[in-house]
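Protein chains in written order, with our numbering: chain A, 13 to 289; chain B, 13 to 289; chain C, 13 to 289; chain D, 13 to 289.
Bear in mind the hints are in silico, worked out from the structure with no lab data behind them. Please note that the accuracy of each hint is not assured.
Because identical chains share one entry, a pair is satisfied inside a single copy or across any pair of copies.
Heads up, simulated PhoX-like pairs for lysine-lysine below, C-alpha to C-alpha not over 25 Å straight-line [claimed, not checked]:
1) Lys276 <-> Lys72
2) Lys37 <-> Lys24
3) Lys24 <-> Lys164
4) Lys276 <-> Lys286
5) Lys215 <-> Lys164
6) Lys215 <-> Lys276
7) Lys37 <-> Lys72
So the chains spell out like this:
Number of protein chains: 4
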Amino acid sequence: MTKHPRDNTTGKVEDWWRTDIIDMKPGEIRYRGYAIEELIGNVGFAEMIWLMMRGELPAKGQAELLEIALMSAVDHGPQAPGIAIARMAATCGVGLNNALASGINALGDVHGGAGEQAVDLYNAIRADMNNEDDLDLIVERVLDSFFSAGNKYVPGFGHRFHPVDPRAPRLLELVDRAADAGQVTGEYAAIGRTIEASLERLKGRRIPMNIDGATAVIYAELGFPAPLARGLFCLSRSVGILAHAWEQTQQGGRNKGPIPRDMKWTYTGHPPRKLPD
Amino acid sequence: MTKHPRDNTTGKVEDWWRTDIIDMKPGEIRYRGYAIEELIGNVGFAEMIWLMMRGELPAKGQAELLEIALMSAVDHGPQAPGIAIARMAATCGVGLNNALASGINALGDVHGGAGEQAVDLYNAIRADMNNEDDLDLIVERVLDSFFSAGNKYVPGFGHRFHPVDPRAPRLLELVDRAADAGQVTGEYAAIGRTIEASLERLKGRRIPMNIDGATAVIYAELGFPAPLARGLFCLSRSVGILAHAWEQTQQGGRNKGPIPRDMKWTYTGHPPRKLPD
Amino acid sequence: MTKHPRDNTTGKVEDWWRTDIIDMKPGEIRYRGYAIEELIGNVGFAEMIWLMMRGELPAKGQAELLEIALMSAVDHGPQAPGIAIARMAATCGVGLNNALASGINALGDVHGGAGEQAVDLYNAIRADMNNEDDLDLIVERVLDSFFSAGNKYVPGFGHRFHPVDPRAPRLLELVDRAADAGQVTGEYAAIGRTIEASLERLKGRRIPMNIDGATAVIYAELGFPAPLARGLFCLSRSVGILAHAWEQTQQGGRNKGPIPRDMKWTYTGHPPRKLPD
Amino acid sequence: MTKHPRDNTTGKVEDWWRTDIIDMKPGEIRYRGYAIEELIGNVGFAEMIWLMMRGELPAKGQAELLEIALMSAVDHGPQAPGIAIARMAATCGVGLNNALASGINALGDVHGGAGEQAVDLYNAIRADMNNEDDLDLIVERVLDSFFSAGNKYVPGFGHRFHPVDPRAPRLLELVDRAADAGQVTGEYAAIGRTIEASLERLKGRRIPMNIDGATAVIYAELGFPAPLARGLFCLSRSVGILAHAWEQTQQGGRNKGPIPRDMKWTYTGHPPRKLPD
C-alpha cells in the first residue's frame with residue numbers, strides 16, 4: 013500500500029482523507045478489496061467487524077470467539093451510567109441515535125476502559141514471557157510493580173456486585189475449547205488465570221476475573237490492540253443501550269430525572285442569604 | 013408482566029427504573045429470563061440483539077436476515093459526515109468511545125433516518141393492503157399523497173452517487189430466498205419493488221431502491237417497529253465509525269480539520285471595519 | 013456579501029467551508045469584520061454572543077436583556093436530566109468537555125425546546141396582529157387552533173414544580189423597563205401576558221408563564237429566530253451543567269448510577285427460563 | 013456545610029444527589045444561597061458563571077477579567093475540528109443542541125486541553141516561587157524537566173498559523189491593567205512572560221504565547237483550578253460552535269461531507285479481490 017507522509021504534504025485534497033478501509037466507484041463499493049455484494053450473505057456480522065478493524069477476514073474459529081465476546085457484554089442494567097443516561101436522554105425529545113450516543117459517550121476510562129487496561133496488563137506479562145521465566149514469577153513481578161506504582165484495582169478482576177461474575181468462567185471455558193482446537197494459543201487464558209491465583213495469594217482472598225478480564229483474554233488471544241478492546245466493548249454495550257433507550261421510549265415519560273419526581277436532592281450548600289449591597 | 017402506572021406513582025425508588033430486559037442477583041444475570049452463562053456460546057450476536065430488542069429469541073432464518081441487514085450498512089466512506097466527524101474527533105485527544113459517540117450522534121433524521129422513514133412508508137402501504145385493492149393502485153395512491161404533501165424524496169430510493177446501489181438487489185435476493193423458505197412473508201419486498209416501478213412511471217426514469225430501502229424491507233419483514241430501523245442502522249454504522257476512528261488514530265495527526273492544513277475557508281462576510289466609538 | 017449556490021458548485025474546495033463569521037490571516041483574526049484585539053476589552057461576552065449570531069453589535073439595552081436571559085436559566089438542579097447525565101458522566105473517566113457535551117446533548121425538543129416553541133407561538137400571534145384585531149381575540153383564536161390540533165401543553169406556561177416560577181415575573185419586569193426605555197417594543201411581553209390571561213379563562217385556573225416563556229419573550233423582543241432560543245438556552249444551561257460536572261468530580265465516585273449503589277431496579281420481565289433445545 | 017461520606021452510605025436516596033450549588037422549594041430557587049429573582053438583573057452572566065463554579069460572587073475586577081477571557085476564545089474558524097463537526101452535524105437532521113454537543117465533545121486533551129495544561133505548568137512554577145529563587149532560574153528548571161520528560165510542545169505557546177497570536181498580547185495588557193489596579197497579583201502574567209523569554213533562549217527563536225497561554229494566565233490569576241480552564245474554554249467556544257451550526261443551517265445542505273460532493277477520498281488499501289472459497 014502507498015505510504016503517505018504523516019501530515020498530508022502531498023497537497024492533494026483527496027489525500028487528506030485517505031483510507032485503507034473502503035473504496036467506491038459509482039455502483040461499486042469495496043471493503044478491504046471485497047465487493048459488498050459478495051460479502052452480503054457470505055460473511056457474518058462478526059466477520060465483517062473483524063474485516064473492518066483488521067484488514068483481513070478471520071478464520072472461522074476466530075470469528076466465533078469474537079462473536080462470543082461481543083454478545084456477552086451487551087448490558088449490565090439501569091444502574092450502569094451508560095444505560096441510565098440513554099434512558100433519561102430518550103425522554104428529552106432527541107432521536108434514538110442521540111440517546112445511543114449519549115450512553116456510549118460515557119464509556120470512558122472508568123466505565124469502559126477496564127478491558128483495554130486488562131489487555132495492556134496481559135501484554136506486559138506476555139512480553140516478559142519470552143525471557144523463559146516461570147509464569148507465576150513473571151505475574152507476581154508485574155503485579156508488584158503495578159501495586160507499587162500506586163494502583164489499587166487490577167483491571168478485569170473483582171466485582172462490586174457479583175462475588176463471581178457468571179460470565180467469566182463460561183467465557184474462559186470457550187477460550188479453552190478454542191485453544192484445544194488450535195484456533196488460539198491459550199496463552200492469555202493462562203495469564204488471566206495466573207493473575208487470579210497470584211491475587212489470591214497476595215490479598216488473602218479470591219478476587220475473581222470479571223467480564224472485562226475475560227473479554228480482554230479473548231481480544232488479546234485474537235490479537236486486537238488494547239484500545240480496540242474498548243472500541244469493541246462499545247459496539248457490544250451499544251446493544252444494551254439501544255434496547256433500554258427503546259424500552260424507555262415505550263414506557264413514556266418526559267424529562268425523566270434520576271429519582272422519582274416527588275423526591276428532591278439534599279442541599280448541602282450555603283444557607284439563604286441576601287445579595288451584598 | 014406487572015403493569016406500572018406511567019409516572020411511577022408507586023412511590024418506590026426501585027420502580028422508577030423498572031425494566032423487562034435484565035434481572036440481576038449477586039452472581040446471576042438474566043436477559044429476558046435467560047441466564048447469561050447459558051446464552052454465551054449458544055446464541056449469536058444477532059440473536060442477542062433480537063432478544064434484547066424484542067423480548068424473545070428469533071427463529072434461525074430471522075436471525076440470519078437481521079445479521080445480513082446489520083453487516084450490509086457498516087460504512088460508506090469518509091465523505092459520510094458520521095465517519096468524517098469520528099475521524100476528526102479521534103485526533104482531538106478524546107477516547108475511542110467519545111469519537112464513536114460523536115459519529116453516531118450525527119445519524120439524525122437526514123443522515124440516519126431514511127430506513128425509519130421507509131419502514132413507515134411501507135407500513136402505510138401495508139395497512140391499505142387489507143382493503144383488497146391491487147398493490148400497484150395502493151402504492152400509486154400513497155405516493156401521490158406523499159408528493160402532494162410537499163415531499164420531494166421517497167426515503168429508501170435513489171442515490172446521489174450510485175446509479176444502482178449494489179447492496180439493494182443483493183439484499184432483496186436474500187429476502188426472496190427467505191420468503192421462499194417460508195421464513196418471512198415477502199410482502200415488504202413486493203411493496204418495495206412496487207414503489208420502484210411506480211416511481212419509474214411517475215418520474216420517467218428509474219430511481220432504484222438504495223441500502224436504506226432494502227434494509228427497511230428486511231426490518232419490516234422481521235416486524236421491527238420503524239424507529240428501530242434507525243436504531244439498528246446505528247448499531248451497524250458504529251462498526252464503520254469505529255474502524256475509521258481507529259485507522260485515523262494510527263495515521264496520527266492533531267486537530268485534523270476538514271481540508272488540508274495549508275488551505276483556508278472562503279470568507280464571505282463583512283469587510284474589515286473599526287469598532288464604532 | 014457574495015451569493016453562493018446552495019450546493020457549492022463553484023468547485024473550489026475553500027468555498028465548501030465558506031462563512032460570514034470569521035476571517036483569518038497569519039497574525040490577524042476578524043469576527044464579522046472586527047479585529048479581535050479591538051473587540052477584547054471593549055465588547056462584553058453577551059455582546060460577543062450577539063455579534064457572532066447576528067452579524068452586528070447590539071445596542072447597549074439589547075445586550076443587557078440578552079445577558080439577563082442567559083444568566084437566568086443556568087441551572088434547575090440534579091433532577092433535570094441534562095444535569096444528572098453530566099454528573100454521572102463525570103464519574104466515568106471522560107473529560108469535562110465530554111461530560112458537558114453529554115448534558116447538552118439531552119436538551120432536545122422536550123428538555124430544551126420549550127423556549128423555541130414559545131417563540132414560534134408568539135410569532136404566530138404577532139403575525140396576526142397586523143390585521144388590527146384585538147390581541148385577546150387573536151390569542152384566543154391561536155390557542156383554540158393550537159389545542160384543536162391535539163396539543164396539550166402550551167410551551168412556556170405552567171410548571172410541574174413551581175406554582176409560580178420566580179424567574180418569570182422578574183424577567184418580565186425587566187422587559188417592561190427596557191420597553192419603557194425604548195430599547196424593545198414590549199409587544200412580545202404583551203403577547204405573553206395575554207396568553208397567560210387567556211389560558212386562565214380557558215382552563216379555569218392560572219397556568220403562569222415559566223422561565224421558558226419569559227426568556228422566549230426576551231429572545232423574541234430581541235429579534236432572535238426561534239431555533240436560536242434553544243441554542244441560547246443551551247449556552248445558558250451549559251454553565252449549570254459544567255458547575256455540576258465539576259462538583260461531582262470533586263465529590264468523587266466511580267460509575268455513579270442514578271440511585272444509591274445498594275439499591276436495584278425492579279425487574280418486570282419474563283420469569284427465569286431455560287434456552288429451548 | 014455538612015460533610016458526607018464519599019460513597020453515600022447515609023442510605024438516603026436524596027443524599028445520593030446532594031449538591032452545594034442549588035436549592036429549590038416550590039416557587040423558590042436559590043443558587044449558593046441567593047434567590048434567583050434577586051440575582052436576575054443585578055448579576056451579570058460572567059458573575060453568575062463565577063458564582064456557580066466558585067460558590068461566592070466575584071469582585072468587579074475579577075468578573076471583568078473572566079468575561080474578557082470568555083469572549084476572547086469563541087471561535088477559530090471552520091478548520092478547527094469542533095467547528096467543522098458542528099457544521100456537518102447541523103446538516104444531518106439533528107437539533108442545534110446535538111450539533112453543539114458534537115462540537116464540544118471534540119474539545120479533548122489536544123483540541124481543548126492546552127489551557128488546562130498551561131495552568132498546571134504555571135502552577136508548578138508558582139509552587140517553586142516560594143523557595144525564593146530567581147523566577148528565570150525556576151522557569152528554566154521546570155522547562156528543562158518538562159522537555160527531559162519527552163514533551164515536545166509547551167502548552168499555551170506557539171501557533172501553527174499565527175506568527176504572533178493577536179489575542180495574547182492584548183489579553184496580557186488587560187491583566188497588567190488589573191494587576192496595577194490591585195485586582196490580581198500579576199504573578200502568572202510574569203510567569204507566562206518568563207516562559208516565553210526562556211523558550212526563546214532555549215530554542216533560538218521566538219515561540220510566543222498563544223490564546224491558550226494567555227487565557228490560562230487569566231484563569232490562574234483568578235484562582236480557577238486547572239480542569240476548569242478547559243471547562244471555561246468549552247463555555248467560550250460553545251458560542252462559536254453555535255454560531256457556525258446556525259449559519260450552516262441557514263446555508264442548507266444535507267449530510268455535508270468534509271470536502272465537496274464531487275470529490276472522493278484517496279483509497280490506499282488492498283486492490284480488488286474475490287472472497288476465498
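Here is how each hint holds up against the structure:
With identical chains, the CA atoms of Lys276 and Lys72 are never at most 25 Å apart, being 54 Å at best within one copy and 34 Å at best between copies. Proximity of Lys37 to Lys24 under the C-alpha cut-off of 25 Å is found in both arrangements, the shortest distances being 19 Å within a copy and 22 Å between copies. Within a single copy, Lys24 and Lys164 get their C-alpha atoms no closer than 49 Å, and across copies no closer than 28 Å, so neither meets the 25 Å cut-off. Only within a single protomer do Lys276 and Lys286 lie at most 25 Å apart by alpha-carbon distance; the minimum there is 24 Å, versus 41 Å between protomers.
For the homomeric pair Lys215 and Lys164, the shortest alpha-carbon distance inside one copy (12 Å) is at most 25 Å, but the shortest distance between copies (41 Å) is not. Taking the closest pair of Cα atoms, Lys215 and Lys276 never come within 25 Å of each other, the shortest separation being 41 Å inside a single copy and 29 Å across copies. When the C-alpha separation of Lys37 and Lys72 is checked against a cutoff of 25 Å, the pair qualifies neither within a copy, at 30 Å, nor between copies, at 35 Å.
Consistency note: the structure conflicts with the earlier hints numbered 1, 3, 6, 7.
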